[in-house]
Amino acid sequence: MLEVSSLNKVYRSGAREVEALRDLTFTVDSGELVCLVGPSGCGKTTLLRCIAGLLEPSGGTVRLDGREVSGPPPGLAMVFQEYGRSLFPWMSVRDNVELPLKQKKITRHRRATLVEQALDAVALAGTESAYPWQLSGGMQQRVAIARAVAYEPSTLLMDEPFAAVDAQTRADLEDLVRALWQRLEVTVLFITHDIDEAVYLGQRVVMLSSSPTVVQDEITVDLPPARDQLHTRADPRFTELRTHVYAQIQAAKLQPGGAGASS
Amino acid sequence: MKRVAYVLGLPVVLFAAWYLLSAGSESFYAPPLSKILESFGKTWTLDRFTADVVPSLLRLTAGYAVAAVLGVAAGVIIGLNRWVRATIEPVLEFFRAVPPPVLVPVIILFAGIGDGMKVIVIAFGCVWPVLLNTVEGVRAVDSIQIDTARAYGITGPARIGRVILPAASPQIAAGLRQALSIAIILMVISEMFAASNGLGFTIVQFQRSFAIPEMWSGIILLGLLGFVLSLLFRLAEGRALRWYHGLREAQRRS
Amino acid sequence: MSTATATAGTARAGRRRGLPAPVLGLAGLLALVAVLEVLPRTGVVDPRFLPPFGDMMAALAAELGSGEFWTALGATVRGWAIGLAIAVVAGVVLGIVIGSVPLLRAATSSTIEFLRPIPSVALIPLAVLLFGTSPESTLLLVVYASFWQVLVQVLYGVADVDPIADETARSFRFGPWARVRHVLWPTALPYVFTGVRLAASVALVLAVTAELVIGAPGLGKSIAVAQTSGAVPLMYALIAVTGLLGVGINLAARIFERRSLAWHQSVRGEVPA
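Chains E, P and H are the protein sequences, given in the same order. For the record, in the first sequence the residue sitting at position 219 is 219 according to my numbering, with numbers rising by one throughout. For the record, in the second sequence the residue sitting at position 35 is 35 according to my numbering, with numbers rising by one throughout. For the record, in the third sequence the residue sitting at position 53 is 53 according to my numbering, with numbers rising by one throughout.
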C-alpha cells in the first residue's frame with residue numbers, strides 16, 4: 001500500500017526557488033493499479049523519484065507498506081522510461097534481470113528460477129544470452145519489466161515506460177502490464193502522459209495539475225476488469241471517462257496549481 | 001584474397017623500394033637494407049634477446065601494471081566524490097602536462113639508476129592518462145544507470161564492480177592506450193639515460209660506437225615491439241569491450 | 001520539467017552546496033604548494049632531492065632575469081611551433097587525399113597501422129647521427145610524432161562525411177574542389193581541431209624530450225644541465241615551467257577549438273586517438 005501525504009518538493013539553486021510539488025496527497029491500495037496523468041512539466045518525474053526514495057522531499061511523507069520512505073525501499077521495483085539507458089549494456093539479458101536478486105542475497109537456484117519465470121512472463125524466453133542492445137525497443141522494455149517482476153516487489157512503479165515505443169508495441173505492452181498485474185497481485189503506480197493509456201489500464205486515474213503540482217482530480221474507472229484494445233476502447237463509457245480526464249488536463253494547463261476537488 | 005593484397009601490398013612495395021634503392025648505398029648513415037637485415041639476424045640472437053629485450057619488457061610491464069592499478073583505483077575514488085575531484089583535478093592536469101621524460105633526472109635523484117628507477121619512471125609517467133581518464137569515465141556514468149542501481153539496492157562494492165567500472169571502462173581503456181605509448185617511450189628513455197642493459201641502452205651503444213647497421217636493426221626491432229604491443233592491446237580491448245563495440249555498432253545502424 | 005531536475009541526482013540536492021569548483025581547484029593547487037614547502041623544510045623528504053617550493057621559485061626568479069632562460073624557452077617554443085605546423089599541414093593534406101580515395105585508404109591502412117605505434121624515441125639515435133645537437137633533431141622527432149595524431153583524426157573526419165550530403169553536392173554538379181570546400185571540410189573540421197590539439201601536446205613532449213636526451217637547444221637541455229650541475233631547485237623550476245607550458249598549450253587549444261567551432265553542433269565526443 002502506497003500513501004503519499006502532503007508531498008512537497010522545492011528546488012533551490014542559488015537565489016532561485018522552484019516549487020515543483022506543492023501539496024500532493026493520494027493513496028494506492030494494495031493490489032490496485034492506479035494511473036497518474038498530468039500536463040508536461042507537472043513534476044511527474046520528481047514525484048516518482050520521491051516515491052522511489054531517490055529524491056528527498058522538502059515536506060510531507062511517502063509511506064510504503066506502513067513504513068516511511070527515506071531511501072530506495074525494499075519491496076519497490078521501478079521501470080524507467082529510458083529503457084535503453086536503464087539496462088546495463090555490458091550484461092546479458094539474464095545478468096540484467098538477475099543483478100538485483102544477487103543484492104537481495106537469494107540463492108543461486110532460486111535466482112535462476114525467478115529469472116526464468118520473469119522472462120517467460122514477458123514472453124522473452126530464449127533471449128537470456130542476448131545483450132540488450134541486440135534487441136528491439138519493445139523487447140528491451142520487456143526486459144526491464146522482467147527485471148522488476150523477478151525482484152518480487154510488493155509495489156511496481158512505472159515512469160512513462162511506453163512513451164518511447166511505437167504504437168503497436170505499446171498496445172502489446174499495455175496488455176502485458178495488466179496481465180502481469182492481475183497474475184502477480186502487485187500494487188502498480190503507472191505514470192503516463194497518454195490519457196487513453198491511463199484510462200485503459202487503470203482502476204483509478206489521478207490527475208495532476210501543472211507546477212506547482214497538486215492533485216487536480218481523481219476518478220474511478222468503472223470499466224470491466226477484462227479489457228482488450230479493440231472493444232474496451234470502443235466502449236462509450238471509455239470515451240466518457242477519457243473526455244473527463246482530457247478536460248481536466250486542459251484545465252490544469254490553464255491554471256497552474258489549481259486545487260481541484262477530489263471526486 | 002583481395003584483402004590480403006591490400007594489407008600486404010603497400011608494405012611490400014615500400015620494403016622492396018627501400019631494399020632496391022639502398023642496395024648500392026655508400027652512405028654511412030643509410031646502409032643498404034640487405035646489410036641491415038643481415039645484422040638483424042646476427043645481433044638479435046636468443047642470448048641478446050634474453051639479456052636485453054626481456055629485461056626491458058619486464059620493466060615495462062611492471063611499470064605499466066603499477067600505473068594501471070593505481071590509476072584506476074585512485075581514479076574511482078576521486079571520480080566518485082565531487083568535492084575531491086574539483087579540488088584535485090587542476091593538480092592532476094598539471095602533472096599530466098609535464099612531459100614525462102623530464103621526470104627522469106628527478107627520479108634518478110630519488111631512486112638511483114637501477115631497475116627500480118626505471119619502473120618508477122615508467123609508472124609515474126604513464127599513470128596520469130589512466131587516472132584522469134578513469135576520473136572522467138566515473139564522473140560521466142549515465143545518471144539513469146546510477147538511479148537504477150540505487151532503486152534496486154545495488155550499493156557498495158557491488159555498485160563499483162558491476163555498474164561504475166563497466167560503465168567507465170571505455171574511457172578507462174582509452175587512458176590505458178595512451179599510457180601504453182608513454183610507457184614505451186619512457187622505457188627507452190630511462191635506458192638511454194642510465195642503464196647497463198635493455199633495448200634502449202643497446203641502441204644507444206650502437207649509435208655511440210657507430211655500429212650503424214646494428215643501430216638500424218635496433219630501431220626496427222623497437223618499431224616492431226611498438227607495433228606488436230599495440231596489436232596485443234587492441235585484441236585485449238576488443239574482447240574486454242565487446243559489449244561496447246556491439247552497442248556502438250547497433251547505435252550507428254539505427 | 002523543472003530546471004533543477006538534472007541536479008536532482010543526490011537525495012541531498014540543494015542542502016549541501018559548498019564552494020564552487022574553481023575555488024576548490026585553486027585550493028588544491030595551493031595545498032600542493034604548501035606540501036612542497038613543508039615536506040622538505042621539516043626534513044620528511046631530503047631537501048637535496050626535493051627542495052622547498054620557495055627555493056624553487058627563487059631559482060626561477062633568478063633565471064627569469066638571465067637571457068639564457070628566455071633563449072631556451074624561445075628555442076623550445078620555436079621547435080614546437082615549426083614542427084607542429086609541418087605536421088598539421090602534412091597530416092591534413094595527406095589525410096584528405098588518402099581519406100577521399102577509397103583505394104588509397106585501403107592500400108595504406110596496414111602501413112599506417114604499422115608505422116603509427118612506432119615510438120618516436122626510436123628515431124633519437126638516427127636524429128643524433130643526422131643532425132647532432134642542432135634544432136633539426138628536435139624537428140625530426142616532433143614532426144614524426146605529431147603527424148600521426150593529425151593524420152588519424154583527419155582520416156576519421158573524412159570517413160564521417162555523410163554520403164547523402166556528398167551525393168547531393170554531386171547532383172548539383174559540384175566539382176571535386178567545391179565538394180572538398182563545402183562538404184568535406186566542414187565535416188572534417190572538428191576532427192582537424194581535435195587532431196591539432198592532441199598533436200600540440202605530443203609536440204611539446206617530443207620537443208622537450210629531444211632537448212633533454214639529445215641536447216638540442218631548449219628547456220629540455222637546460223633541465224639536463226641543471227641536473228648534472230647539481231642545481232636541483234632550478235631543475236624543478238624548469239620542469240614546472242614545462243608543465244605550465246603544457247597546460248597553457250592545452251588550454252589555448254581548447255579555447256581556440258571552442259571559439260572556432262561555436263557554429264558547429266558538435267555533440268560528438270573526442271574520438272580516442
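I should point out that these hints are in silico values taken from the structure, not numbers from a laboratory. Owing to the predicted nature of the structure, the values given are computational and were not obtained by experimental measurement. A portion of the hints provided could be inaccurate.
Unchecked claim - With a straight-line Cα cutoff of 25 Å, these simulated DMTMM-like cross-link-like pairs (lysine to aspartate or glutamate) come out:
#, chain 1, residue 1, chain 2, residue 2
1, E, K253, E, D228
2, E, K102, P, E249
3, E, K104, P, D142
4, P, K2, H, E136
5, E, K104, E, E128
We went through each hint and held it up to the structure:
| no. | hint | verdict |
| --- | --- | --- |
| 1 | K253/E with D228/E | 30 Å, violated |
| 2 | K102/E with E249/P | 30 Å, violated |
| 3 | K104/E with D142/P | 24 Å, holds |
| 4 | K2/P with E136/H | 41 Å, violated |
| 5 | K104/E with E128/E | 21 Å, holds |
In summary, the numbered hints that this structure violates are 1, 2 and 4.
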